[in-house]
Amino acid sequence: MIIRLSEFFEEDLFISELKAKDKVGALKEMTEALVNSKRLKHGEGLYEMLQQRESLGSTGIGRGVAVPHGRTLAISRLTVIFARSEAGVEFDSMDGKPVHLLFMTVAPPQERANLYLPVLGKIVETVKSAKTRRQLLKASDFDEITEILEEADEGA
Amino acid sequence: MRVIVIGAGEVGTHITSHLSEAGHDVVLIEKSPEKAEIAEESLNALVIRGNGASAKVLDQAGCQGADMLIAVTDLDEVNIVACVTGKTMGIGKRVARVKDTDHYNEGTGRSLRQVGVDIMINPDLAAALEIERLISLPGASDVSDFGNARVRLVGLYVSENSSILGIPLKEVENRLGTEPATVVAIVRDGRTIIPDGESKLKPEDHVFIMGESNTMPSIMKQLGYDISPIKNVMIVGAGPISRHLAKHLSDDKVQVKIIEIEKLKAERTAETLDRVMVLHGDATDSELLESESIDEMDALIAASNDEDTNVMACLLARHLGARKTISLMRRQNYVPLVHALGIDAAISVRLNTASAIMRYVRRGEIVSFAQLKENEAEALELVAKGDTLICKRPLIDVGFPRHAIIGAIIRGNNVLIPRGDTHVQDGDRVVVFALPKSVEAVEKMFSRA
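Chains A and B are the protein sequences, given in the same order. Here the first sequence is numbered in the numbering used here, starting from 1 and rising by one per residue. Here the second sequence is numbered in the numbering used here, starting from 157 and rising by one per residue.
Accuracy of the hints is not assured; some may be wrong.
What the hints assert, rightly or not - Straight-line Cα separation of at most 27 angstroms, DSS-like style, residue types lysine-lysine; simulated pairs:
no. : chain 1 : residue 1 : chain 2 : residue 2
1   : B       : Lys419    : A       : Lys21
2   : B       : Lys187    : B       : Lys212
3   : A       : Lys97     : A       : Lys38
4   : B       : Lys212    : A       : Lys128
5   : A       : Lys131    : B       : Lys356
6   : A       : Lys128    : B       : Lys403
7   : B       : Lys387    : B       : Lys377
8   : A       : Lys97     : B       : Lys419
9   : B       : Lys187    : B       : Lys243
10  : A       : Lys28     : A       : Lys38
11  : B       : Lys255    : A       : Lys131
12  : B       : Lys191    : B       : Lys255
13  : B       : Lys600    : A       : Lys131
14  : B       : Lys358    : B       : Lys409
15  : B       : Lys421    : B       : Lys387
16  : A       : Lys28     : B       : Lys249
17  : B       : Lys358    : B       : Lys403
18  : A       : Lys41     : A       : Lys138
19  : B       : Lys212    : B       : Lys255
20  : B       : Lys255    : B       : Lys187
21  : B       : Lys191    : B       : Lys249
22  : A       : Lys97     : B       : Lys403
23  : B       : Lys600    : B       : Lys249
24  : B       : Lys356    : B       : Lys377
25  : B       : Lys387    : B       : Lys358
26  : A       : Lys138    : A       : Lys128
27  : B       : Lys377    : B       : Lys421
28  : B       : Lys212    : A       : Lys97
29  : B       : Lys541    : B       : Lys600
30  : B       : Lys421    : A       : Lys128
31  : A       : Lys128    : B       : Lys358
32  : B       : Lys419    : B       : Lys403
33  : A       : Lys131    : B       : Lys541
34  : B       : Lys212    : B       : Lys249
35  : B       : Lys191    : A       : Lys128
36  : A       : Lys38     : A       : Lys19
37  : A       : Lys97     : A       : Lys128
38  : B       : Lys212    : B       : Lys191
39  : A       : Lys38     : A       : Lys21
40  : B       : Lys421    : B       : Lys409
In short, the hints are calculated from the structure, not lab data.
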């Protein structure tokens with residue numbers, strides 16, 4: 001199965017610069033963006049689910065990247081919310097460093113194409129490249145982000 | 157053959173016991189007095205106390221004129237120095253267990269070979285490769301390869317509702333039709349039986365089938381076993397075995413997630429593996445397993461250093477819906493319990509290392525070797541010579557030893573599954589499955605008088 005990451009990122013689910021400086025704030029802000037986008041059947045429980053997952057171990061996977069994720073009935077298809085923080089968010093990461101790129105991935109419990117794990121895997125693989133991380137941080141708008149992701153998709 | 161074994165750990169003890177039972181003259185060297193004493197009591201071999209890397213101790217062990225030195229202490233350096241010393245003393249072949257992958261690396265490995273290590277066995281890599289083979293056939297409990305991987309031996313548990321229960325094996329083999337295979341062993345109540353065509357399978361039997369490697373998936377499918385490919389794997393623990401395995405699997409486009417409980421180890425592992433998600437957390441926490449989608453995992457491989465964590469993670473994962481669970485076992489005495497616990501397969505690092513080493517130890521004609529985990533039965537790959545007994549007549553008249561069976565014959569580019577009228581020819585590579593008491597008789601059939 002070929003996953004094209006660029007197809008899963010959407011402009012209204014892109015937060016160019018987070019206001020939040022800590023994990024709780026960041027999760028809330030990203031959840032809100034999702035609620036405002038009207039993609040949710042209801043907003044209940046999503047933040048709690050993500051928070052609960054973080055309490056079991058941080059999804060801050062190092063190198064300034066966090067991948068909060070989970071499944072919820074509130075959403076009908078796999079959705080990625082992408083947020084950046086130039087100043088960095090304290091995320092209790094594996095390497096103890098603040099997080100600058102956040103990829104929140106939420107999916108319904110049953111999805112036909114079963115893309116949840118492959119998409120998560122693809123995100124992790126893509127941001128392993130220091131160059132891609134730098135480009136994603138520097139990109140001035142969503143179009144540029146799409147280009148960077150497309151380039152990463154082609155390279156794979 | 158005279159063999160010097162250095163290190164009376166589980167690997168060294170296993171090899172010593174095996175070789176001395178097979179009639180070889182074995183000297184075991186062990187530094188710790190306690191371990192040496194235990195070995196002396198339990199083994200039929202000469203045990204010498206001392207440092208196996210020291211020329212003096214090796215001399216005392218009668219190194220001069222020995223055919224082989226096997227250095228399997230826990231320390232790479234000791235093993236390597238022992239081989240170097242062994243070379244200067246004229247020991248024919250030298251094997252070292254080497255854990256550090258920098259030594260094992262082909263580039264630097266060549267220089268180690270020059271100084272005297274003929275064969276390096278990396279236990280972590282060997283274990284990772286075994287797990288990879290197991291994953292390639294999800295329904296199997298054991299997978300070993302012969303004849304450059306053209307012949308495969310697969311272990312399967314027979315369930316109560318299996319379609320092959322109570323049917324004579326010759327009929328089971330007939331059913332397979334154009335993709336023949338041989339049932340070479342049945343392990344029942346802890347005993348190994350070498351079956352014949354009339355033998356029938358019972359529930360809970362652990363059966364071993366040999367056939368051409370590329371037909372095994374279809375054979376397993378016909379017998380009702382799971383062969384759907386593995387796409388998502390969760391690995392518990394970020395040790396060297398996990399890293400080798402994760403690298404190989406992700407290179408094969410399998411989605412791999414590693415859960416490691418130590419933050420620093422998780423971080424370091426994440427740095428070295430490009431396509432793998434490494435998470436920090438406790439894999440015995442059912443909530444974490446659930447939120448990491450354990451129910452969608454085709455396999456959970458518990459490969460941490462902690463045996464209890466491994467067993468617990470497997471049991472939880474199975475309970476939460478993982479398709480297959482494989483546990484690493486540091487101590488081989490737990491291995492027989494695994495199936496009873498509901499874990500699909502267990503890898504014993506030490507037994508696996510011992511088997512890997514034994515491949516090089518057997519007499520000249522034998523080119524490959526594997527051993528069943530829960531008993532002492534062996535699979536041997538032998539090369540037939542035209543002027544030996546095995547080539548004289550068709551198999552049915554050759555008087556093949558009891559408690560031994562030919563699983564497959566590799567002739568040129570073909571794999572043959574033998575029947576009574578098959579006639580072994582010069583140059584055939586013959587894969588034999590035998591109980592220990594019959595190994596010598598089998599070897600005789602392949603040796604010139």
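Results for each hint:
This hinted pair checks out: B:Lys419 and A:Lys21 have alpha carbons roughly 23 angstroms apart, not beyond 27 angstroms. Note on B:Lys187 and B:Lys212: the hinted pairing holds, with a Cα-Cα distance of about 13 angstroms set against a maximum of 27 angstroms. For a cut-off of 27 angstroms, the pair hint linking A:Lys97 to A:Lys38 is broken: about 33 angstroms separates their Cα positions. In summary, the hint linking B:Lys212 to A:Lys128 is not supported, as the alpha carbons are separated by about 52 angstroms, beyond the 27 angstroms threshold.
The straight-line distance between the Cα atoms of A:Lys131 and B:Lys356 is roughly 62 angstroms, outside the 27 angstroms bound, and the hint therefore fails. As the CA atoms of A:Lys128 and B:Lys403 are separated by approximately 14 angstroms, the hinted pair is consistent with the 27 angstroms bound. Taking the CA atoms of B:Lys387 and B:Lys377, the gap is about 18 angstroms. The hint holds against a cut of 27 angstroms. A threshold of 27 angstroms between alpha carbons decides the hint, and for A:Lys97 with B:Lys419 the separation of about 13 angstroms falls inside it, so the pair holds.
With a C-alpha separation of about 21 angstroms, the suggested pairing of B:Lys187 with B:Lys243 holds against the 27 angstroms cut-off. Under the criterion of a C-alpha separation no larger than 27 angstroms, the hint pairing A:Lys28 with A:Lys38 is consistent with the structure, at around 16 angstroms. Distance hint between B:Lys255 and A:Lys131 is unfulfilled; the C-alpha atoms sit about 34 angstroms from each other, more than 27 angstroms. Only pairs whose Cα atoms come within 27 angstroms are accepted, and B:Lys191 paired with B:Lys255 is accepted, the gap being roughly 22 angstroms.
This hinted pair does not check out: B:Lys600 and A:Lys131 have alpha carbons roughly 64 angstroms apart, beyond 27 angstroms. Note on B:Lys358 and B:Lys409: the hinted pairing is violated, with a Cα-Cα distance of about 38 angstroms set against a maximum of 27 angstroms. Between B:Lys421 and B:Lys387 the alpha-carbon distance is near 25 angstroms, which keeps this suggested pair within the 27 angstroms criterion. Note on A:Lys28 and B:Lys249: the hinted pairing is violated, with a Cα-Cα distance of about 65 angstroms set against a maximum of 27 angstroms.
The straight-line distance between the Cα atoms of B:Lys358 and B:Lys403 is roughly 39 angstroms, outside the 27 angstroms bound, and the hint therefore fails. Distance check on the hinted pair: A:Lys41 and A:Lys138 sit about 34 angstroms apart at the alpha-carbon level, beyond 27 angstroms; violated. With a C-alpha separation of about 26 angstroms, the suggested pair B:Lys212 and B:Lys255 falls inside the 27 angstroms cut-off, and the hint holds. Distance check on the hinted pair: B:Lys255 and B:Lys187 sit about 20 angstroms apart at the alpha-carbon level, within 27 angstroms; holds.
Between B:Lys191 and B:Lys249, the direct Cα distance comes to roughly 26 angstroms. Compliance with the 27 angstroms bound is thereby established for this hinted pair. Taking the CA atoms of A:Lys97 and B:Lys403, the gap is near 26 angstroms; set against the 27 angstroms cutoff, the hint holds. Note on B:Lys600 and B:Lys249: the hinted pairing holds, with a Cα-Cα distance of about 23 angstroms set against a maximum of 27 angstroms. For the suggested pair B:Lys356 and B:Lys377, the alpha carbons sit about 20 angstroms apart, so the restraint of at most 27 angstroms is met.
As the CA atoms of B:Lys387 and B:Lys358 are separated by approximately 32 angstroms, the hinted pair breaks the 27 angstroms bound. Of the pairs offered as hints, the one joining A:Lys138 and A:Lys128 holds, with about 16 angstroms between alpha carbons and a cut-off of 27 angstroms not exceeded. A C-alpha spacing of about 40 angstroms is found between B:Lys377 and B:Lys421, which places the hinted pair above 27 angstroms, so the restraint is violated. Only pairs whose Cα atoms come within 27 angstroms are accepted, and B:Lys212 paired with A:Lys97 is rejected, the gap being roughly 54 angstroms.
For the hint pairing B:Lys541 with B:Lys600, the CA-to-CA distance comes to about 12 angstroms; that is within 27 angstroms, so the pair holds. Distance hint between B:Lys421 and A:Lys128 is fulfilled; the C-alpha atoms sit about 17 angstroms from each other, no more than 27 angstroms. Between A:Lys128 and B:Lys358 the CA atoms are separated by roughly 51 angstroms; this puts the pair beyond 27 angstroms, and the hint is violated. Among the hinted pairs, B:Lys419 with B:Lys403 is consistent with the structure: their alpha-carbon atoms are about 20 angstroms apart, no more than 27 angstroms.
Distance hint between A:Lys131 and B:Lys541 is unfulfilled; the C-alpha atoms sit about 60 angstroms from each other, more than 27 angstroms. Straight-line distance between C-alpha atoms of B:Lys212 and B:Lys249 comes to about 19 angstroms, which keeps the hinted pair within the 27 angstroms bound. The hinted pair formed by B:Lys191 and A:Lys128 fails the criterion: a straight-line CA distance of about 47 angstroms is larger than 27 angstroms. For the suggested pair A:Lys38 and A:Lys19, the alpha carbons sit about 21 angstroms apart, so the restraint of at most 27 angstroms is met.
For the hint pairing A:Lys97 with A:Lys128, the CA-to-CA distance comes to about 16 angstroms; that is within 27 angstroms, so the pair holds. Among the hinted pairs, B:Lys212 with B:Lys191 is consistent with the structure: their alpha-carbon atoms are about 20 angstroms apart, no more than 27 angstroms. Of the pairs offered as hints, the one joining A:Lys38 and A:Lys21 holds, with about 25 angstroms between alpha carbons and a cut-off of 27 angstroms not exceeded. Note on B:Lys421 and B:Lys409: the hinted pairing holds, with a Cα-Cα distance of about 24 angstroms set against a maximum of 27 angstroms.
Going through the hint list in order, the structure does not satisfy hints 3, 4, 5, 11, 13, 14, 16, 17, 18, 25, 27, 28, 31, 33, 35.
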